[in-house]
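Asker: These are the residues of each chain, in order.
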Amino acid sequence: MQEAIQKTVQRTTIPFGPQHPVLPEPVHLKITVEDEIIKEVVPALGFVHRGLEKLIDIRDFHQMIQVVERVCGICSMIHAMCYVHGIEELMKIEVPPRAKYLRVIWSELHRIHSHLLWLGLFADSFGFESVFMQFWRIREKILNIDEATTGNRIIVSVNVVGGVRKDLSQDQMRWILDELDQIEQMTTQLESTLFEDYTVKKRTIGKGLLPSRQAVELGIVGPTLRASGVAQDMRQLGYAAFKELDFEPVTENNCDCWARCRVRYREVLQSIDLIRQAISKIPAGEINVKVKGRPQGEVITRVEQPRGELLYYIKANGSKNLDRLRIRTPTFANIPALFTMLPGMWLSDVPVIVLSIDPCISCTER
Amino acid sequence: MLENVVSVSPDTLAGEIAKTKYEGFRFVTMTCVELDADTAEVIYHFDRDFTLKNFRLKAAKNADIPSISHIFMAAFLAENEIQDMFHLKFKGLIIDFNRTLYFDDNAQTAPLCRYTVSQIKSPEPESIQNSGDV
Amino acid sequence: MKKMLGKIIASTRMKSPWILHFDCGSCNGCDIEVLACLTPVYDIERFGMVNVGNPMHADILLVTGTVNHRNKKVLTNLYDQMPAPKVVIAIGACGLSGGIFRDAYNVVGGVDRVIPVDVYVPGCPAKPEAIIDGAVLALKKFEVLRQQKLAV
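Line by line, the protein sequences give chains A, B and C.
Here the first sequence is numbered in our numbering, starting from 1 and rising by one per residue.
Here the second sequence is numbered in our numbering, starting from 367 and rising by one per residue.
Here the third sequence is numbered in our numbering, starting from 501 and rising by one per residue.
Treat the hints with caution; some may be incorrect.
In silico negatives: residues of chain A with every beta carbon more than 10 Å from chain B [said to hold, decoys possible]:
(1) 49
(2) 51
(3) 53
(4) 93
(5) 96
(6) 247
(7) 280
(8) 291
(9) 344
Here are the in silico distance ranges between beta carbons for each label pair [unchecked claim]:
(10) 502(C) to 34(A): 43 to 53 Å
(11) 381(B) to 197(A): 35 to 45 Å
(12) 195(A) to 422(B): 41 to 51 Å
(13) 403(B) to 191(A): 31 to 41 Å
(14) 372(B) to 206(A): 48 to 58 Å
(15) 424(B) to 189(A): 51 to 61 Å
(16) 34(A) to 641(C): 45 to 55 Å
(17) 281(A) to 428(B): 31 to 41 Å
(18) 195(A) to 502(C): 53 to 63 Å
These aren't lab readings, by the way, just hints derived from the structure by calculation.
Nothing here was measured: the structure is a model prediction, and the numbers come from that model.
Just so you know, even glycine gets a beta-carbon here, dropped at the ideal spot from N, CA and C.
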């Protein structure tokens with residue numbers, strides 16, 4: 001009898017992924033459970049590793065913009081923006097003010113689309129399929145704006161060294177404002193469903209706790225950190241035109257999955273507000289400057305991606321190929337959070353908690 | 367053009383990093399740059415209130431580098447990545463994938479090295495291996 | 501009787517093929533477009549297609565992205581588990597040939613280096629309209645395969 005009891009609490013290792021219905025991307029977690037309670041987690045990566053950092057040997061620094069855009073399709077514009085900021089700093093190029101505002105507009109559109117996508121996937125992870133469909137329906141409006149203004153739905157490819165490739169006309173800006181009004185209205189309609197519903201609260205409140213002290217110690221970034229009450233947003237650095245716009249980082253103090261969801265929901269509304277400000281303040285003028293010469297030196301640039309702080313380290317030696325390009329993506333920094341969030345939780349909460357850090361594996365592995 | 371750069375040696379590394387942690391810095395990441403056939407440079411980036419602090423460590427490729435993952439747990443992924451890509455060896459890593467983070471077969475080539483790599487004899491791979499479980 | 505049952509099963513599979521989606525090292529661009537196909541704006545379910553997580557339930561395999569050395573085992577595993585007849589759709593420039601990543605060191609190439617591919621959907625990323633078009637083409641191919649199987 002005693003033996004039988006002991007047997008029931010033996011440890012079992014359960015593989016989670018790489019192909020799993022709730023995961024849009026292949027990541028592998030080795031989860032050790034005792035009964036149904038998680039004790040240990042070991043992540044395994046490498047299913048999406050392509051080796052993009054090495055492509056600097058073949059492609060020159062202008063062509064690399066197209067490569068870094070494809071580090072991650074969801075936030076492609078922001079990757080390219082971070083990269084061209086670095087090159088511009090090395091080559092001492094002053095970008096025209098209109099280009100800075102256009103970058104803000106497109107990057108915030110990307111943030112809205114990424115957060116809406118995540119809110120949908122998150123709802124799907126606890127089986128709330130109709131909310132998933134609703135959020136993705138709203139998201140199509142953003143993709144329409146992207147397609148109408150740049151020619152592609154997802155990888156917009158507007159950044160060039162020295163500015164942007166495309167301009168927005170007055171009509172387009174008016175149309176964007178109209179669409180944003182609709183998006184705001186449709187999103188706020190879903191607020192009570194997402195945050196006041198009994199079943200959603202049951203699945204998210206108190207799950208995957210990450211106290212703020214531990215979050216800072218583990219180097220967590222982005223909405224995951226802000227949901228633990230730390231007001232840190234790389235947009236406060238004031239890159240592009242953010243220093244002329246008015247905003248406060250969104251924070252929540254619950255430290256759980258519900259708070260992370262809430263932060264991203266509020267950031268959608270914040271981004272809508274930022275685009276409105278940018279459109280009202282945008283100056284007239286050139287959208288790019290002619291670029292001559294080649295970059296030399298080393299530089300670190302940081303921007304805020306939908307998932308958190310994105311860091312590019314660029315080392316150039318004056319030739320057309322760069323010496324070293326290092327991309328530190330936010331999910332790479334957020335994976336250690338799983339070591340704190342998962343142990344002690346039920347096995348059935350794994351999909352919700354893993355999704356709550358918004359894992360982007362193709363970013364992480366490049 | 368990096369701001370706040372401090373040069374460290376393998377002996378003073380752990381002390382400096384611990385001091386940085388005490389001062390309230392957040393670990394951002396580590397970057398490895400190959401300098402020539404024998405030496406590589408590891409740059410540690412830390413952040414406090416939107417200011418970066420960087421430590422530069424020049425290391426011979428075939429020498430062990432002390433790991434900082436017991437001070438900043440978050441460093442283990444970055445250190446494992448550098449092990450995979452540059453064939454450096456970090457001593458005292460808390461979770462050591464033994465060059466199987468991105469590649470199978472214990473990564474015989476160092477993909478981000480331009481120069482030839484001096485092969486180091488590595489111990490047997492640990493139980494952390496990736497299977498194709500579904 | 502057995503033959504008739506077989507006919508019924510085969511024709512229902514034709515009317516409602518189930519999809520398995522596997523991300524094989526893509527940049528996510530194509531994946532979110534595949535998911536967008538399932539949502540109300542594009543609604544691939546009007547062709548009876550449902551996204552499932554289990555390869556043993558699936559008739560059509562949607563693969564996005566390039567194959568690398570680690571995930572090619574996973575891909576062949578999934579392909580082998582699917583019941584015949586089965587159709588494979590490769591999506592996006594990377595799934596076709598390796599695309600922009602073809603020179604990277606950890607990239608094997610297109611999906612057809614590892615498993616046979618029936619329908620190629622180009623684009624970077626492929627648009628939902630193109631993916632739906634590819635899925636409809638795959639259905640035609642599925643019908644041919646089914647008749648071949650019935651004839652045997």
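Asker: Against the earlier hints, flag every one the structure doesn't satisfy and list their numbers going up.
Answerer: Structure breaks hints 1, 2, 3, 11, 13, 14 and 17.
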